[in-house]
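S.K.: Let chain A serve as the given structure and place chain B on it in line with the hints.
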Amino acid sequence: MLELLFFLPIIGALLLLLLPERAARGGAFIAALLTLAVSLVLIPSAFGHSGAYGMLSSVTWVEAWGVHWALGLDGLSLVLTILTALVTAVAIAWTPARPRTYYVLFLLLEAFSLGTFLAADLFVFYVFWEAMIIPAYLLIAGFGGPRRAKAAIKFLIYSLAPSLLMLVAIVTLGYEAFLQFGSWSFSLPVLQHLVLPTSVQMWVFAGFAIAFLVKIPAFPFHSWMPEAYAESPAPVTAMLSAVLSKTALYGFLRIALPLMPVAAHRFAPALGVIALASILYGALVALTQRDGKLVIGYSSLSHLGLVLLGIAALSYTGLEGAVLQMVNHGIYATALFLLFGVVEERMGTRDLQAMGGLEARGPILAGLFLITVLTALGLPGLQGFAGEITILTGVYLVQPVWAWIAVISVILAAAYFIRLFQKVAHGTAPSTDQPGGRPEIGGMQIALVAPLIVLMFVLGLYPNPVPRAVSRPLKSVTQSVGVAATTRATATSEVAGK
Amino acid sequence: MQDAIGILLLPALGSLIAAVFGRSLGRKATSYVTVGAMALAFVWAVSVFLRMLSLPPAQRSFDPVYWQWIKAGSLSLHFGLLIDPLSAIFLLIVTGIGFLIHLYSIGYMHDDANFQRFFSYLNLFAFAMLVLVTADNFLFLLVGWGAVGLASYLLIGFWHTRPSAVSAARKALVLNVAGDVGIMLAIFILVMTLGRVSYSGVFSHISSLTSLQVELIAFLLYLGAAAKSAQFPLHVWLPDAMEGPTPVSALIHAATMVTAGVYLIARAYPIFHAAPVAAEWVAGIGAFTALFAATIALVQNDIKRVIAYSTVSQLGYMFLAVGISAYAAGIFHLTMHAFFKALLFLGAGSVIHALSGEQDMRKMGGLKKFLPITYWTFLIGTAANAGVPFFSGFFSKDAILGEALATGHFWLWLVGVVAAFFSALYIFRLFFLVFHGTYRGDGHPHESPPVMTVPLVVLAIGALLGGYLAVPGAWNLFDQWLAPVYSRYPGGLLPAAATAPNWGAIALTSVLVLAAVWVAWNLFGRQVREELPEGLRPIHKVLYNKYYIDEIGHAVFVWTVDRLAVLADLFDRVVVDGIVMGIAALVKGWGEALAPFQSGYLRRYGLAVLIGGVFVVAYLTLV
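First to last, the sequence lines map onto chains A and B.
Numbering follows our numbering, with no gaps: position 46 of the first sequence is 119.
Numbering follows our numbering, with no gaps: position 448 of the second sequence is 593.
Check the hints yourself; a few may be wrong.
[As the list claims (entries may be wrong)] Simulated restraints on C-beta separations:
| id | chain 1 | residue 1 | chain 2 | residue 2 | range |
| --- | --- | --- | --- | --- | --- |
| 1 | B | K514 | A | V527 | 53 to 63 Å |
| 2 | B | S349 | A | S553 | 18 to 28 Å |
| 3 | B | N446 | A | P538 | 48 to 58 Å |
| 4 | A | Q552 | B | W556 | 52 to 62 Å |
| 5 | A | D424 | B | I697 | 27 to 37 Å |
| 6 | A | V531 | B | N446 | 46 to 56 Å |
| 7 | A | Q552 | B | S349 | 26 to 36 Å |
| 8 | B | H255 | A | G515 | 41 to 51 Å |
| 9 | A | G515 | B | P209 | 35 to 45 Å |
| 10 | B | L622 | A | P538 | 25 to 35 Å |
| 11 | A | G555 | B | L198 | 52 to 62 Å |
| 12 | B | S353 | A | G515 | 54 to 64 Å |
| 13 | A | Q426 | B | F702 | 21 to 31 Å |
| 14 | A | Q426 | B | D257 | 35 to 45 Å |
[Claimed, not checked] Anything over 10 Å on all C-beta distances counts as not near chain B; from chain A, calculated:
| id | residue |
| --- | --- |
| 15 | I84 |
| 16 | L92 |
| 17 | S130 |
| 18 | P172 |
| 19 | P262 |
| 20 | H266 |
| 21 | L267 |
| 22 | V268 |
| 23 | A303 |
| 24 | P342 |
| 25 | V346 |
| 26 | E432 |
| 27 | H499 |
| 28 | G516 |
| 29 | L534 |
| 30 | S549 |
[Claimed, not checked] Here's a subset of chain B near chain A, in silico, CB distances under 10 Å, partners left out:
| id | residue |
| --- | --- |
| 31 | L154 |
| 32 | I215 |
| 33 | V311 |
| 34 | H685 |
Hints listed in this document are in silico derivations from the structure and should not be mistaken for laboratory results.
Fair warning: this is a prediction, and the values are worked out from it, not measured in the lab.
Cβ coordinates follow ideal geometry from the N, Cα and C atoms, glycine included.
With the rest of the complex left out, here is chain A (with noise of 0.2 Å):
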C-alpha cells in the first residue's frame, strides 16, 4: 500500500503521455484523487503496529552501501502525506488547461515530495529531497511569468546548495553506522541507536540545518523566495509553500532532532533566533509589498518561522503546535495563493495599489478570500488560530522571552492581512479588469476550495485530531531529544479545570 501511494503520481503522469492533451487536467486531476483516497485509506495502517512506525515497507536496494529503499508510514508522515495529496489535487486542477508537461511534472512533484514524507531511510530521504527540485525547477522555468528564468536560477542554486551539506551529513551518518555497527546503514530506525560525538554531532545538524532553513525558507536565507513565489504560476506557488516548506520542517522533526540531540540543544538558540528574525521580518516586509503575492509570501516567511520557534523550543506542546500549524499553513496558504490567483488573472495586476472592488463585483471570490484572509492572521475560531496558541504556549513554557516577542507578529499579520484583503477587495475596480469579463470565480473552483475552507473551520473548531495523530511520533522525538525541557511542562499538564 505505501508503494501504491508513492507510485499511483508517477503511473499516473506516465499515463498522461498516453493521454490526449486535452484530457491532461482530467488525468492528472483523477490521479491525484486516487492518491488522496489512498493516503486516506492508510489512516488506520498509521497506528497499528506498536514500533516506531505504523506501517513499514522495506527492501535492500544497494547492499554494499547499506541502503535500503524503505518507506514508513506513522501519525507524522501522514497527516503530511494526507496534506501533500489534498493540496495537489486542490492545486492541479484549479487553473484551465495547460500543456500536458505541467502535469506530468506536477504529479512527479506529488510524488517526490509524497516521498521525502515517507521515507525511512536517509538515503531515499535525499534522493526525493535532490529529486524534487527539478520538476519544482522546471514547472518554473517553464510556466512562470516574465522574470521566471532567474526565479528558477535562484531557487535551483539555493535549493542544490545547501543539499551538498546535507549529502555529507548523510554520509558521514552511514559511516558512524559502519564504524559502531559493522556496515553501512542509512535506516533511521538503525541511526536511532547511534551514540555519536558531540563534535560530530554539531556539524551533521549545521549540515541537515542549513538545507532545511533554505527550503522552509527561513531569514536570511529566504532571497530565493519573493521571485520564486512571485512568478510561478498560482498552483506552484501553492505547492512550494504548502507542500515543499513542510518538507524541510519535517526534517527537522523526523532527522535533525532525534538523531542528533545534544546539537538540537546546542543549537536550539540560534534556530530560535532565525525563527524570531523571521516572524518579525516576513511580518514587517509584508506590511510594504506592493504585489499582493509577495504580501502572502512574506506572511508565509514569518508564519513558518513561528512553527520553526515552536521547533526550536523543544517543548513537547511546541512540537505539536508546530505540526498542527504546518498543516494548518498547508491549507490556508494553498487557498491564499489560489484565490489570490484568481483574483490576479480577473483584474489584470498583481498591483495592490491598482487593485480593488472585488467585493462588489465579485462577492463570493470575495467572501471566500476573506475567510482565508482571517484564518491566516490567526482570527480564533478558525484554524490558524489553534496552531498559533500552541506553539506560543509550547515556546512560553521554555522560552518566555521569545513568545513575547513572536507575538507581535500577530498583530502585524492583522495589519498586512487585512490591508492586502482591503486593497483587494474594496475601493474601484482597476482599470485593467476585464470589462466584459466575469470578475467571479467559477463554480469548479468554488468546488475545489470549499473542501479547504470546510477545514479552516472544521480544525479551528476540532483541531484535536491532529495532535492526537502525531503524539506518538512526537513523544519518540521528545525521548530521543532529552525531556530536560519538558519537565516544566509536564508539571503543570492538566485537563484545564476538570
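M.R.: This is chain B only, laid out in the frame that chain A set:
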C-alpha cells in the same frame, strides 16, 4: 442547562443562512430568518433566566461541557459554557437589545443594496458576543473576543466604498487585535504557572501565584478589556466606528462589543482582587476616561460623534466601578446603559434617516414637531444618560459614585461627579440642538416607520423604569441576583458600609446634573450661540480635536512601524538579495572558470556534486 448552547447556535445559523442563501431567499425572507433567530434566542435566554430564577441561589451556576477542543502537551481544553447569573444578564442584554436593533435595521437598511449581507453580519456579531459571555475558560473567551472584533470590522467597514469607513474598520481591527494579544499573553502566563485556563481552575488556584504574576496577568487582561471597551488611550477606534450604519453603532455601543471589557473584569474578579495595583489602575483610568471623553463630547458637531464619546465616558464609569470591586454596580450601570445608549443611537438613526443622512447638528434643530415619537423617546434616553433623578442612569451612576465614596476613593468620586455634570451638559446640548429651536436644514424631515419607532418605545420603557431594579435604601435586585457569583471566590463582595446609600452625595450629583440641564437650556435650548467668547477658543480647539490623541498615536505607532517596514524591505532588496546575487555571481564565475566548455545548470550541479564528493572523501580519510 445543557440546551443553552442553542442560544448561541441560533444566530450562528441565521448568519450562515443569510450569507449563503441570502440572495436566493430575498430581503424579506432573510430578515425573517435573522431577526427570527434573535427573537428565538431571546425567548430561549428568558427561559434560561426563569429556570435559573426558580432554583435556590447557590445552585444557579451551570458548566455544561460539549467536546474536547484540543489536547496538545500541557494545553488541554474542553469546549464548555458557563451559564450563571452573570452570563444570564448578558444573554438577556445581547439577545434582547440585539433583537430590537435587528428589528430596527429592517427599516433603516431598507434601501441598501447589501441588505442580506448586513443581516448576516449582525447575526454573526450577536453570535460572537454570546460566545464571549458564555465561555467557561479564557481561551474560548478569546475566541469570542476575536470574533467580536471581526464582526465589528465587517460592520464598521460595511459601506466599503467610503474610504473613511474602510480606514475606521482597519483601525478598529488592529487596535482590537492589540488587545487580543494582551489576553493571549495572560493565557500564556496562566498555562505556564497554573497549567489551567478554565475560570474555575484559575480562580480557585490564584493563591499559588506570586503577587507579581497576578498583577501581570491582571494588567494583560486589562489591556484586552481596555482595547475592546475603549479606555483611554485605546479609545480612538470607537468614535471612528460610527462610520458604520447607525444600527451597528447601537449594537457596538450598547448590546455587544464595548461591554466585553467590563464583563471580562467582572468575570475575572478574583484575579483583580488579588492584584490591587492593577485594580486601582482600572478604576483610575476609568474615572479619567469618564471625564476626558465627556469634555470632548461637549464640543462635537456630529450627532453620532457626541453619542460615541458619551459611550467612552460611560464606560469609564463602569471601569471605575469594577476597579473598586463594585461589580454589581458596574453591571447595573452596564445594563441601564445598554438600554439608554441603544435608545440614543437608534433615535439618532431615526433623525439621520429623517434628514436623508445629515449628521451635523448645526443643520438640525426644531425637529420636535416633525419627529414626535423620536423626540419623546429620545428625551427619556437623554435624561437617563444625564442621570436626571428617577431615570435609570441616575440610579446606576449614583450606585457607582456612592460606592466609590464609601470605599474611600474620594478623588475618583470627585472626578466622577465632575464628569456627571459634563455628561448632563453634553447630552442636553445635543438634545436641544437637535430638537429645539428652529430647523436650520433644508430637507423635509419625516417620522420613521413603525418598525423603527417600536424598538425606540420599548427601549424607552427600559430606560425609564430599569433603574427601579435597585433603589437606594429600599431594595437592590442586582446585588441579590449577582450575589451567588460574587460570593464564590474571595474579593467579590463589598463591605456593608459601601452598600448603604449616601444621601448627601446623591443630592449633590442631582443638583449638579439639574444645573447642567439649566446651563444647556440657556446656551443651546432657547437660542443657539454661534460665537464663542474669545478666551474659550483655544480650549474649544483642543477639545474639538479630541486632545490630538489620534494624531499622537498615529505619529508614535503608525509612523514607527511604517519606517521599520520600509527599512526591512530595503534591507531585503539591497543587503540580503545583494549578498546572495553576489555569491551567485561568484559561483557562476568560478563555475565558468573551472568548466569553460560546459554551460547549463545541470552540469554545474554535477560539478557541485563532484566538489561535495571530494569533501566527503577528505572528511572520511581525515577523521
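S.K.: Now tell me, hint by hint, if it's right for this structure.
M.R.: Hint check results:
1. A hinted range of 53 to 63 Å holds for the C-beta pair B/K514 and A/V527, which are about 56 Å apart.
2. B/S349 and A/S553 have their C-beta atoms about 38 Å apart, which leaves the hinted 18 to 28 Å range violated.
3. For B/N446 and A/P538, the Cβ-Cβ distance of about 56 Å falls inside the hinted range of 48 to 58 Å, so the restraint holds.
4. Range check, A/Q552 to B/W556: about 59 Å between beta-carbon atoms, so the 52 to 62 Å window is met.
5. Checking the proposed 27 to 37 Å range against A/D424 and B/I697 shows it holds: the Cβ atoms sit about 33 Å from each other.
6. Roughly 50 Å separates the CB atoms of A/V531 and B/N446, a value that falls within the hinted 46 to 56 Å.
7. A/Q552 and B/S349 have their C-beta atoms about 34 Å apart, which keeps the hinted 26 to 36 Å range intact.
8. Separated by about 33 Å at the C-beta atoms, B/H255 and A/G515 break the suggested range of 41 to 51 Å.
9. The hinted window of 35 to 45 Å between A/G515 and B/P209 holds, with their beta carbons roughly 43 Å apart.
10. A hinted range of 25 to 35 Å for the beta carbons of B/L622 and A/P538 is inconsistent with their spacing of about 47 Å.
11. Under the hint 52 to 62 Å, the C-beta atoms of A/G555 and B/L198, about 57 Å apart, fit the expected range.
12. Take B/S353 and A/G515: their Cβ atoms lie about 58 Å apart, and the range 54 to 64 Å holds.
13. For A/Q426 paired with B/F702, a C-beta distance near 23 Å keeps the hint of 21 to 31 Å intact.
14. Judged by the Cβ atoms, the range 35 to 45 Å given for A/Q426 and B/D257 is violated: they are separated by roughly 29 Å.
15. With a minimum CB-CB distance of about 26 Å to chain B, A/I84 clears the 10 Å threshold, and the non-interface call stands.
16. A cut-off of 10 Å between C-beta atoms confirms that A/L92 is not in contact with chain B; the least separation is 28 Å.
17. Interface exclusion of A/S130 from chain B stands, the closest Cβ pair being 29 Å apart, more than 10 Å.
18. Annotated as non-interface, A/P172 keeps its C-beta farther than 10 Å from every C-beta of chain B; the closest such distance is 22 Å.
19. Consistency note on A/P262: stated as away from chain B, and its beta-carbon is indeed over 10 Å from all of that chain's, at 24 Å minimum.
20. Consistency note on A/H266: stated as away from chain B, and its beta-carbon is indeed over 10 Å from all of that chain's, at 20 Å minimum.
21. Even its closest Cβ contact with chain B, about 15 Å, leaves A/L267 beyond 10 Å, as expected for a residue assigned away from the interface.
22. A/V268, annotated as away from the interface, keeps every beta carbon of chain B farther than 10 Å; the closest lies near 16 Å.
23. Once the 10 Å rule is applied to beta carbons, A/A303 is consistent with being away from chain B; the minimum gap is 13 Å.
24. Even its closest Cβ contact with chain B, about 19 Å, leaves A/P342 beyond 10 Å, as expected for a residue assigned away from the interface.
25. The claim that A/V346 lies off the interface holds: its Cβ sits roughly 16 Å from the closest Cβ of chain B, which is beyond the 10 Å cut-off.
26. Separation of A/E432 from chain B is inadequate, the least Cβ-Cβ distance of about 6 Å not exceeding the 10 Å criterion.
27. A beta-carbon of chain B is positioned within 10 Å of the beta-carbon of A/H499; the least distance is around 4 Å.
28. Consistency note on A/G516: stated as away from chain B, and its beta-carbon is indeed over 10 Å from all of that chain's, at 15 Å minimum.
29. The claim that A/L534 lies off the interface is violated: its Cβ sits roughly 8 Å from the closest Cβ of chain B, which falls inside the 10 Å cut-off.
30. No beta-carbon of chain B is positioned within 10 Å of the beta-carbon of A/S549; the least distance is around 14 Å.
31. Proximity of B/L154 to chain A is violated relative to the hint, the smallest CB-CB distance being about 12 Å (cut-off 10 Å).
32. Evaluation of the B/I215 hint against chain A yields a held restraint, the C-beta minimum of about 5 Å falling below 10 Å.
33. With its C-beta approaching chain A no nearer than about 5 Å, B/V311 sits inside the 10 Å limit, and its interface hint holds.
34. About 34 Å separates the beta-carbon of B/H685 from the nearest beta-carbon of chain A, more than 10 Å, and the hint is not met.
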